[in-house]
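Given the coordinates of chain A, work out where chain B should sit on it, guided by the hints.
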Amino acid sequence: MDCYSFDRIISDYIDANLNVKLRQEANEHIGVCPRCREKLADLKSILNELGSLPCRKTRPDFESRLMDRINQTKEQKESRFIRMFQDYSRPISVIAAVMLLVATSIFVYTSVVIPNSPGSIPSAEIRSVEPNKSMTMPAAAAANVRPILVSTTNEGNLPDTNKVETPNYNNQIMMVNE
Amino acid sequence: MEREKIKYTDEELIKRFQDGDERAYIELVKRYKDRLLNFVYRYLNSFEQSEDVVQDTLMKLYTSAHMYREIAKFSTWIFTIAANLAKSELRRLKRRRVISIHSMGFDDKEYEIPSEEYDPAKETTSNYGEKQIQQAIDTLPDQFKTVIILREVQQLSYEEISQILGISIGTVKSRINRGRLRLQKMLKELKEQ
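Read top to bottom, the protein sequences are chains A and B. Using this note's numbering, the first residue of the first sequence is number 14, and each one after it goes up by one. Using this note's numbering, the first residue of the second sequence is number 7, and each one after it goes up by one.
Source of the hints: derived by calculation from the structure; they are not laboratory data. Virtual Cβ for every residue (Gly too), placed ideally from N, Cα, C. Each hint should be verified, as a subset may be incorrect.
[Stated by the list, open to error] Selected chain A positions facing chain B (Cβ under 7 Å, derived; list incomplete):
1. E38
2. L63
3. G64
4. T71
5. L79
If we strip away everything but chain A, and leave its shape as in the complex, we get (with noise of 0.2 Å):
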């Protein structure tokens, strides 16, 4: 091995990172070499002047500023948010506005001047239901009887498709007490 070859190498000597062959080729170039046998000491109390470099520390208030940055962008933060809603909030109220105006008028159109379109609510009236002393129920479903919707939008034009059934006990209809 010669001066060039071991400059090379100088650092896997070091840090133990050559194989044996390798090794022992620059043990005996040191062994003859007063230069890279200089060399490699020096280097070596270098290395260590290095690794053991005084430490330097954060001042004591280090992390009182830390946390301090820290609050402050959370703030910062916080009020652009607060500023974007301000800058919005106009315009957002406006669209709202139009959008609530637009759904009244439609559902207006829809329920009162079209009341027979396909999402107009029909308007109904409740009447109650007695049961006809001829029926023959049972007491308990008798008490259970629900009130019918009878449809009075154009009541006899149109087949009453609002009514609501209740089951027919003893093939008997139950007759509207009107």
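Using the frame of chain A, we list chain B on its own:
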């Protein structure tokens, strides 16, 4: 009865912080503030600027903790952030120095202005060796400087350095070898002056 203090790993702490536990963040700050300062200080050779860089690093940890994935060691991740910020700061400082030299006229005399910057080295007994070593580190090209500090001052493994700098282990080894020899040469020159 005194409660036994649980010692969490760095990776467990960052996970807890990601889940919203701010005490975990404070613990990480306590663990890393001085380690990071030592690394950045050797790189910039300015206490004030180094503390600022460490603050920025730990701020970044606070705001970008969600970016950390447990595929890398936490120390590697935080050193990567610090190394990048330190590099940017060094570039900024160099630019500023160039500008201040350019703005100086030919007739201007250069005066030694006593620095009022806080320097803990001044509080301890003056170590000529340390100053010389720091001077030699400062003259190293950036690619060697970083690996030398990470290896010799921070005592990190080749693998960790390779992850932090995003280079292969072979490149790390080669840079360490060349960096050490350059440092030695520089120190020799400084001694002879």
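Item to check | Violations among the numbered hints | outcome: 1
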